[in-house]
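Line order of the protein sequences matches chains A and B. End of the first sequence sits at 358 in our numbering; the numbers just go up one at a time, nothing left out. End of the second sequence sits at 799 in our numbering; the numbers just go up one at a time, nothing left out.
These are calculated hints, taken from the structure and not from any lab test. This structure is a prediction, so every number in the text was calculated from the model and none was measured. One or more hints might be untrue.
[As the list claims (entries may be wrong)] Which stretches of chain B does chain A cover? Using the computed rule of at least three CB atoms under 8 Å from a CB of chain A, they are:
1) 338-351
2) 467-481
3) 490-496
4) 508-515
5) 522-530
6) 559-573
7) 693-701
Note that beta-carbon positions come from the ideal geometry of N, C-alpha and C, so glycine has one too.
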Amino acid sequence: MQDAESLRDELIGAVDAASGLDALEELRVSALGRKGRITEMMKGLGALDPDQRREAGQALNRLKDEVAAAIDARKSAMADAAMDARLLEERIDVSLPPRPEGKGSIHPITQTIDELTAIFCEMGFTVAEGPHIESDFYNFTALNIPPEHPARQEQDTFYLPPDESGTPRVLRTHTSPVQIRTMQKQTPPIRIIVPGRTFRSDHDATHSPMFHQVEGLVIDKTSHMGHLKGCLIDFCRAFFGVDDLPVRFRPSYFPFTEPSAEVDIGCTRAGGEFRIGKGDDWLEILGSGMVHPKVLENCGIDPNEYQGFAFGMGIERIAMLKYGIPDLRPFYDSDIRWMRHYGFVPLDVPTIAGGINR
Amino acid sequence: MKFTLSWLKDHLETEASLEEICDRLPMLGLEVEALENRAKDLAAFTVGYVIEAKQHPNADRLRVCIVDTGEEHIQVVCGAPNARTGMKGVFAPAGTHIPGTGVDLKKGVIRGEESNGMLCSEREMGLSDEHDGIIDLPEDTPIGASFAEVAGLDDPMIDIAITPDRADCLGVRGVARDLAAAGLGTLKPLDTSPVKGSFKSPINWAVDLPEQDPPLAPFVVGRYFKGVKNGPSPQWLRDRLTAIGLRPISALVDITNYVMMDLGRPLHAYDADKVDGDIFIRLAKSGEKYLALDGKEYSFDEEMIVIGDDGGVDDLAGIMGGERSGCGDETVNMFLEAAIFDPIRTATTGRKLNVISDARYRFERGLDPTSPSWGSEVAARMVLEICGGEASELVVHGAEPDWKRTFTLRHSRILGLTGVAVPEADAIRILKDLGFEVSGSGEAIDCVVPSWRADVIGEADLVEEVVRIWGFDHIPNTSMATDHVVPAPALTPAQTRERLAKRVLAAREMTEAVTFSFVSSSQAELFGGGAEELRLVNPISADLDVMRPSILPTLLAAAGRNANMGSADLALFEVGPQYADATPEGQQTVAAGIRTGQSAARDWTKAARPVDAFDAKADAIAVLELLGAPVQNMQVSTDAPGWYHPGRSGTLRLGPNAFAHFGEVHPKVLREMDLRGPAVAFEVFLAKVPEPRSKGPARPLLKLSPFQPVHRDFAFLVDVDVPADKLIRAASGADRGLVSEVRLFDEYAGKGMPEGKKSLAIAVTLQPKDATLTDDDLEAVSKKIVAQVEKHTGGALRA
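Excised from the complex, chain B in its bound form (with noise of 0.2 Å):
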């Protein structure tokens, strides 16, 4: 919303100052996006008189001028071919910053004339893209005088934001309005008065529209104007609108565009004469279009509400007027309508048609019911002025529908809401002055909400209303009041358990990612993706159509980008939800990683060595042993799911409750992921690891045994298809007692091996608790464990 401060000034009488203005505004909701000064920023340009201009003796095309500033007369070379004796132009001296070029201007000598200044085009002015000459002012203009003040260009523009619920503010006077309020000044009286028509219209509105509540169309006025004398506007509202960023078309558009941004009414004007028959109002036949005066045509549905004549529809109610019927600089008789449509409908045939206009934003926001009355005066007492003519007595369909609220305000309510304590009568004056009908006092205080404050609708409002003005800067800062010195945690154990699993993996030397939440419809479904349910329908391009599966996608794209890069050794992780279905219970926090490439860079010590199955299987069981899994009962199983190496893959479990996947990525999925290998991927459901039963803080006792353990060797030779798990379990279960620990140090397949076996060592360590272990007792436990694993696994001790 843009004005400018002589605007504001059309109806607020003031005494404060630009600055006092645009620091008030933003405190009472109306935030200053932009303040255009443009006296300020052309200060330095100032109205010239050419004494002298001849020719440059050394350059064909270059002038020699003696300039009268007003003040002194200053040499300048000049190249504009219009540069002559005895005229004004604007002058600017070294020194001066020339918006239109961006250069500091300097004292120079352009071959062998002293040049000091400049005399500017409308170009170098930043105010057009003339640039045939300098400009030529008019002879009477006053020599020395601020250039921007000549040209009228020294009233500030300020814009600003308005909020969906202020529409009373979507005109200069609702500004005004709520300035007076704060105290910078008074709203100055708005003649409203009837304009007495001196005739019948001869054009009647001929509303068809299907009742329905809130109505269609509740309250149409228009009227007629014959003998007008359209063409160019007076020079003071084409600098305003000009001023505001409209283009100036003739006076009778240019006072429709006037009241819509001074008074937040917008108008439309045909041209009576291009009008046939009665004008009707009606939704759109299937079918049915126009050429809109944005020279563009649009076609309705029959939701649509159109305006038009015996000659077919030429307007869209409440967004845009069509080009047949508008007025030209030809027009003499014309017909003026003032509406009130639904905001509702206005809004879906905007957004559906997707034509955006000063008038849909205003009519979407919800006019001033009262506003086609009060709308069609304060424009017949200008088209009358300006264009002349005689205005008709109006035409009016429906009435102004009932808008008359009235609320109350309980004056501690103020208080108890906001902790600021307004006094009463500064409360009632507030409401007054933005324009509320106030009667009663203390906890009842009755308040009828002005016509053009649809927004206002129960107590808290009127509450805002007051605090709002007074001032949010006097409601006092008060720190939140805790029952507890020490406050309670504020996680869930789970919201924990996703903090530890990103801690733990950064520490595992893994970089966190945060990726969309959507990926490609083709990446879903090499994840077993891409349910209907789970597809945007609107998105923002193919590439994020649909809500992730996995978190792997995102990753493998991440690392993709990255090779690119020249980084394709990559650890990356992200803890982040997967959308199984639509529903909330659908949505899975899963801790997710990938590395690619080699696990760990070559250097002098070692070789580099690629990444395998085993470093994802690290990464899942060193989140699942934090979250309190019970990793030495968990099984491991080989029916990962299918973006997964079939054969170099595993599930990590306890029963049918699967906690993890890990293992190569099938290299199907990078090929379609264009990805070179070698890339290994792991997944742990976070919330299908039960949470451990809480056993308090305290540790189980600590039994440390005072007998040496003892370390045995084993080596077995097994079916090659025999899983080492299954070894190292009969191992440890064969002495629970002694076996502490079984660790499978070689497995070896191959050359000096009988076909189909493979050798599997492990190193047991035996620990005693009672008393150190006799040479028999090792020779029994020993026998043991031989026999546990040759039981379970089918294989035999290597001689």
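Just chain A, with the same shape it has in the complex (with noise of 0.2 Å):
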């Protein structure tokens, strides 16, 4: 019988030479199988007596393992080879393009208003809204405008057949008109903010005949322009994210405030280029004042009660000058040039906690 040394070296050495999977298959029956040369061996093991029994049964059952290790070591470095053949087969040109994917994007006018929705919230405004087709009572009268009145002239009101009882009908020249309608039908304390669409039969190069505004409301018993002043500069700082910007209040008309204010924001034009913020120059960004007492005298609240103030922005104009746009009418041309360039991500919804100035 050979000696369990001899034919360790000759298996392992078999393993080792073995050309593939087939012949170590081959290898692990004649070794180990159930007629195999190790299993053979065991098998002669009842003749011995007990101790060299013991003692030869240990050495085979390590040489059992030791080959089976072997084949196995062995079997996978083939597999692993085989695998790095294959994968190398598999190789692709990383350098081709992806699927093209569309692009949505979210309007300037869209962002914007979100942006300053998002800053008077925190202020404690709530956003109303009314109709684009207004009677002329919302959009003149009640807002101490009288027919004749050259105010109602400046406006370029766009007019629709009057209605049954024979009252014009007028898109709105303003979203003030929802001043009216929230201050009759809401007990104060009120503080909201109106952005919407906004007619004026105007069309040229700096003027559309459709725009957008955004108008605020606050009425209670003690706000003063004081808080007027207050509000707008921090709405201003907080929307252009310039905080030491200069804010100016200047006096004014409108037929709905008294006293009446148009606000000013600092800027710079030095070397050619524009900039918001500290600087030698002015720059006209909204209309305000302290609510008329007859506009709420109109809307059956008491003057020598409430009190408030009010003002109205263009909401374009803000967005042009926060992102560079330059021209308004593209806003409406749907060029989707220009809608992909000046757009937004749709995911990049403005919050104060992430911040609108990115």
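Put the two chains together into one complex, using the hints given.
Set out below in structure tokens:
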């Protein structure tokens, strides 16, 4: 009977020399199979005396394990090599472009409205809305603009046929009618903003027959012009992201406010480049004032008990200033190139937490 | 409103600089629109003496001049034919910016002769188009003096915007009064004392107007001047009018214009010899017309106030005089009118006839009701001084309207309304400086409003006057106080939905557009709109004359424009209004979108696919799902409106409630809108989707089954007109406890199918909840599914 030592050398040698998985399997069967050489030798153990049998049995078991491990190791080495070869075959050109995807975008008007809503929400405002087709009463009369008032003529109103009662219908020339609608149905305190479409019959490089305004209205017992200033300064600085933005209030005139103020922000054109912030120049961006006692009366609110302020600004204008959009008219042309260039990523929803000046 | 600095100083005694004045004006509500300071612009141009002008040795048309600038002698090559020895001209040294040519002057050598400056023409100075020669100044002009000063161009011109309430600042004096109140000087007195008339006017007023309140012509004052000498106005008067852009005409006309600009009091001067009989003021008769001073002929209606004489109508009250009776150089007798007309009537007439004049502008904003009296006196003094002659007594119709109003100012209201504490004494001083008669104190400061301030109609106006002059800068900046540290939501659920709809569509690779609310009538009609009540009476153009019945026409038009610019594959959406009628309820917010061309560009992995109705359906469902619509229970019907392809469109609905339409756009619509297909569209009616019942933010408890789901495929043969949806519903309903999903993965009709049949294949997921499915269970549920499908669709399981 061959001794275990020489058999080991022979079998390990054969494992190393095996040419492939088949040869390896053949070798396993011939060594470890039911009729394999090691198995046969195990069977021969019974003829030995107990001491020899234990010794020889242990040696054979070791040999069996050793050979089995060698076969497994060789097998997995072969499998690895085969996979390496296959993976090399599977190589692709990773410089090819990925599958094309469309890119959606949000219009600057929407983004700007979302931004200003986020800011005014922090100051306790809610968003109100109203119809675009208005009665003469809401758009003018209730706002202290009687029929022959020069201010009414200056607004380039679009008219629609009168209603059944013969009252003229107009496309609202400003978002201010929503002031009236809100005051009529809500008891103060009132704190609303009204972003929305407005219409004037004007069409040139700097005017569009449709544009957007945001109105603000605060009515309570104590809000005064200092609050008007504080509110709008806080807004302008947050919106434009300039902490020390100079904001100037100039006396002006609107039929529905008294006193009235126009609001300018600081800017500079130094070096031919326009920039919002501390500078040598001013830019008018909105109109404001304390709500006229007559307007309060028109809405059934006692001006001796309540007071407050209102403001209105052009949304396109502040969007143009903030985002460096040079012209007004392309806002409505729906030119895909413009919308992609000036539009916003859909998931970029403005929040105060995330900052609205990125 | 334009004026010059020296003109302002006629009324304002001040040490303030031009800059101080211009900085202060906007803070008083008088916005400076332009400031022309030609003394500064023309600083480099001085008076030069041509010591010698000799022929250029190498050029026939040029002369070589030696110019004495007062400081040195400089050689200049000059091409002007009138350059000559001994003349005085306008000299600009090298380096000067020449306004007329826009070029910076350089030293140079012209045909071998050095030239170190320039003698200028009026055109080169930017003063006129005159370029026949260089400016030839009078002999006694001092050498080296500033040209602007010599030419009377050194008076800075200020142009301010006047808000509609400030009629008082439509004259220089009003502006001066505001500045004086603001502490920039003192208002000089104005001499309005009566000019004694030496005879009775041969012309009288014949006023015949219907009575109304307020009256149409409450106060009209006239005066006759005889023996006047008309002709060019004195230089100072001409300069002032020229400086503010008015053309000097003749002394009498210039005086009326000057008083209007100076004091805001329009006047009209008739050549009395051209007036036939008395002067009437009445409503026009239909068909009457006149030739106005602007050279145009205007026809009147019976609402308009006109003025005339026995020779006919020759003046539109408060707006513009007529050609026939106007003053000319030959005028020797003049009749001067200073009237008050109803501002509303004046405005209406002016608008109807579209006549714009400085007089109308002032009349319709409201004149000082006392102005006919003092205006007549101030003008008379000027006429007598400049044109000589004799003045008559006044001819007066009506009387000064009652204008005195008293309002009480509570001193506490200044602080209460504006947040700024203005000491009582200062408040009273400001009001007095503005012309208010003030009495009382504390909570009862009584203020009589001056005649020129018709805009002050209550306490709030008094507060504004005080704070306006005190300075808005003194108002504190007080941040808004809020009741809650964490603000409540700013948006209503409906508003939140609109916002979400926009974001979800943009996330679906669509581009948000914002388009006009109006379309053309033909577009509106294609989309079921164009009702009379939604047509603009005064559209800006025929393309934009009716409120849109749907968002789709504006989006499709946008697609057409983009296609013309080379972008045919588009996905556009808009969340915005459409208008069913003119009432507030008729306005509806819709999320609409279109996809055109190829759904995705071809690339190396796959071919392009044209957009189809299912792209639009997916968009609509995505929005509906986000709004919380019961998407699983929604039905699809095939009754989308006429602007969709009748066989390739649908309506998503819950019973009678239509949430959305989707489908291919009708080829006829595409043709009408000049758009090449394919194009698909959807419209989701946001408000139609019921707001989900609020169950709070908590979700229902998630129960996960521990048992393996089983997947089984079935293919059925059904009639071709059986909607797939029906089959899916039947399968889903076969065993609600087990069937968790039914997905249709194949539809086939055509070759190999029996005539009139199609094959629909579904993948069914079975999710057991209580125990693993046995073969018997599977057998049983499969039978149920087949039975339900066969029952509801009339189809059969394919062998």
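### Query
What are the numbers of the hints that this structure violates, sorted from low to high?
Violated hints: 5, 7; rest satisfied.
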